[in-house]
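As you go down the protein sequences, you meet chains A and B in turn. Going by the numbering used here, 34 is the number at position 34 of the first sequence; the sequence numbering is gapless. Going by the numbering used here, 330 is the number at position 330 of the second sequence; the sequence numbering is gapless.
Treat the hints as calculated values from the structure; they're not laboratory data. Remember, predicted model here, so these are calculated numbers, not experimental data. Please note that the accuracy of each hint is not assured.
[Stated by the list, open to error] Using C-beta positions, here's what the derived DEER-type ranges look like:
1) B:Val300 with A:Gly191: 56 to 64 Å
2) A:Gly163 with B:Phe115: 50 to 58 Å
3) A:Arg286 with B:Ser211: 23 to 31 Å
4) B:Gln153 with A:Gln127: 31 to 39 Å
5) B:Trp91 with A:Pro268: 28 to 36 Å
Just so you know, even glycine gets a beta-carbon here, dropped at the ideal spot from N, CA and C.
Below are the chains, spelled out letter by letter.
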Amino acid sequence: MTMIFGIPLQAFLGQLLIGLINGSFYALLSLGLAVIFGLLRVINFAHGAQYMLGAFAAMLMLEYFGINYWVALVLGPIVVGLFGAVIERTMLSRLYDLDPLYGLLFTFGLALTIEGTFRYLYGAAGQPYSVPAQLAGGTNLGFMFLPIYRGWVVVVSLVACIGTWLLIEKTKLGAYLRAATENPVLVQAFGVNVPVLLTLTYGLGAALAAFAGVLAAPIYQVSPLMGSNIIIVVFAVVVVGGMGSIMGAIVTGYMLGIAEGLTKVFYPEASNIVIFVIMAIVLLLRPAGLFGRDA
Amino acid sequence: MSEMTQTAAKPHIERSATASRTYTIFVIIGLAALILAPMFFYPIFLMKLLCFALFACAFNLLLGYTGLLSFGHATFFGGAAYFTAHVVKEWGFPPELGILTGVVGAALLGLVMGFFAIRRQGIYFAMITLALSQMFFFFCLQAEFTQGEDGIQSVPRGHLFGFIDLNISTNMYYFVLAVFLIGMVIIWRFINSPFGMILRSIRENEPRAISLGYSVARYKLGAFVMSAALAGLAGGLKALVFQFATLTDVAWQMSGEVILMTLLGGIGTLIGPIFGAGLVVTLQNYLATSQFPVTIVTGVIFMVCVLIFRRGIIGEFYASRLGRKLGFEHRR
Numbered sequence: 001m002t003m004i005f006g007i008p009l010q011a012f013l014g015q016l017l018i019g020l021i022n023g024s025f026y027a028l029l030s031l032g033l034a035v036i037f038g039l040l041r042v043i044n045f046a047h048g049a050q051y052m053l054g055a056f057a058a059m060l061m062l063e064y065f066g067i068n069y070w071v072a073l074v075l076g077p078i079v080v081g082l083f084g085a086v087i088e089r090t091m092l093s094r095l096y097d098l099d100p101l102y103g104l105l106f107t108f109g110l111a112l113t114i115e116g117t118f119r120y121l122y123g124a125a126g127q128p129y130s131v132p133a134q135l136a137g138g139t140n141l142g143f144m145f146l147p148i149y150r151g152w153v154v155v156v157s158l159v160a161c162i163g164t165w166l167l168i169e170k171t172k173l174g175a176y177l178r179a180a181t182e183n184p185v186l187v188q189a190f191g192v193n194v195p196v197l198l199t200l201t202y203g204l205g206a207a208l209a210a211f212a213g214v215l216a217a218p219i220y221q222v223s224p225l226m227g228s229n230i231i232i233v234v235f236a237v238v239v240v241g242g243m244g245s246i247m248g249a250i251v252t253g254y255m256l257g258i259a260e261g262l263t264k265v266f267y268p269e270a271s272n273i274v275i276f277v278i279m280a281i282v283l284l285l286r287p288a289g290l291f292g293r294d295a
Numbered sequence: 001m002s003e004m005t006q007t008a009a010k011p012h013i014e015r016s017a018t019a020s021r022t023y024t025i026f027v028i029i030g031l032a033a034l035i036l037a038p039m040f041f042y043p044i045f046l047m048k049l050l051c052f053a054l055f056a057c058a059f060n061l062l063l064g065y066t067g068l069l070s071f072g073h074a075t076f077f078g079g080a081a082y083f084t085a086h087v088v089k090e091w092g093f094p095p096e097l098g099i100l101t102g103v104v105g106a107a108l109l110g111l112v113m114g115f116f117a118i119r120r121q122g123i124y125f126a127m128i129t130l131a132l133s134q135m136f137f138f139f140c141l142q143a144e145f146t147q148g149e150d151g152i153q154s155v156p157r158g159h160l161f162g163f164i165d166l167n168i169s170t171n172m173y174y175f176v177l178a179v180f181l182i183g184m185v186i187i188w189r190f191i192n193s194p195f196g197m198i199l200r201s202i203r204e205n206e207p208r209a210i211s212l213g214y215s216v217a218r219y220k221l222g223a224f225v226m227s228a229a230l231a232g233l234a235g236g237l238k239a240l241v242f243q244f245a246t247l248t249d250v251a252w253q254m255s256g257e258v259i260l261m262t263l264l265g266g267i268g269t270l271i272g273p274i275f276g277a278g279l280v281v282t283l284q285n286y287l288a289t290s291q292f293p294v295t296i297v298t299g300v301i302f303m304v305c306v307l308i309f310r311r312g313i314i315g316e317f318y319a320s321r322l323g324r325k326l327g328f329e330h331r332r
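Chain A extracted, bound-state conformation (with noise of 0.2 Å):
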């Protein structure tokens, strides 16, 4: 059997391919953290509860309307970024005059009340939900074998991100948003409709949390507490890389998704700490973040 630095190979690519697949959660969640936090200034702590919506969203949706996994790619995110944007009118909007602790704090509340609302009506364990038959099975690629739902995962998610990197950087609107994160009252003299912007900005990074959710959903099990284990190490991410830029987001986000998964095939205790092991060491060398530009 071929080795690499003393494991089997299969091994080494099999848990890369994980760390792969988590990085891209990564990547998905903390570009959301990004774009919102660019726009808002607001640390959207109800983010892991909005990427457990997607997923439930895609469990009842196939439950109760017989909605396939396509469909509910669809429409889960749309269900969850109009849900956010309500809860961005009608409440989180009154908080941008205050300390931006504010916002963390109303959205720990919420995505508290989010999280127990699921536990009360579903309970704490996870639910499963099939991999779509288009996707189901597996390839052998000669040096080790990949299951399809995996790369379909890896594939799309890195579309998104890129597509949502396009997004903000190369279309008007994106441009209407970059400036209005730089200079929301000059924007806003400009006669851009900048509270619409502050809406859709939250609705749409809602809405990428919940596309992940739905991605996620037949991969780990659709659990009401999904969302609370994923976000404190999205957090960290966000630390290492910055906020500053997209692109860093996305980058940092996979990266350390494969550092934890090769720490896993090295010494296996530790792959729970890495990422703040590695959250740590980035602030001794570099404060501001590897991709950060704020002092």
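Assemble the complex: chain A is given as a structure, and chain B must be docked to it using the hints.
Using the frame of chain A, we list chain B on its own:
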């Protein structure tokens, strides 16, 4: 701005004579109530309340008086609970030394976490403390001495100073009350000291404090360690009261709870967190028997507090007509 520096120069100017008198009266009433309370309430409940009240006040030292939102205080509370439980149970330490071990351990954890966290400000500070605290959670999950999911159970309360039997719940209650009061006096002295004044000036305007020549990072770290040590005092105490230390105390939900207690009671008020802790603990006890999950209630209270009740109970009282008539003022 000049108002701030004046306050810093003359610490005692901020509260009028009337307020001072009212305050004294309230403190006396409060003390009397705490001394008599075991006649009317279940002692374990009261002790739990005092532990959490001290924890919340320790947390408020950081959020209310330095303006740093730590999302990782469960580490100090739960960590100290583990340390105390371990040395008392496995090494046979007496209770007073056990709690001291918890405090020192929490202070060291605070030194390490603070060292990393103060490198960033505001929202990042909160995220870093949360992440580091999660790291400590995983450490506790895997370390040998914490005994994983089971936690350290049946911790002996022992004899205080060798002759006061803490297994008698009245003795334990007054011991907890004494520690609580010592903790409160330390906090009160701390925030009214020149050090505390400098912390407040950092909260109000950090760049200005820097330009005045204060080494802001060192002051922040000092406040962080102080807050961690006091949270450790509460945690160690709790381990003796309940006679166990588990993962619940180091989990991020605990960090959230203490934030809620402080927010609900009144950020930046000395006694607010006590009321906040009282309310939250009572609510938890009340809901514990029902099917309805506490998380939903906690979450909703959080949202309501942030949206319309940011001053908290005591803050609102100080700002109310009655409070102002009694001579209080509430800034912020």
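Results of checking the hints against the structure:
In this structure the hint that B:Val300 and A:Gly191 lie 56 to 64 Å apart at CB is violated, the actual value being about 39 Å. For the pair A:Gly163 and B:Phe115, the supplied restraint of 50 to 58 Å is violated, since their beta-carbon distance comes to about 40 Å. One distance hint, 23 to 31 Å for the beta-carbon pair A:Arg286 and B:Ser211, holds here, with the actual separation near 25 Å. At roughly 32 Å, the beta carbons of B:Gln153 and A:Gln127 sit within the given window of 31 to 39 Å.
Range check, B:Trp91 to A:Pro268: Cβ separation about 31 Å, and the 28 to 36 Å hint holds.
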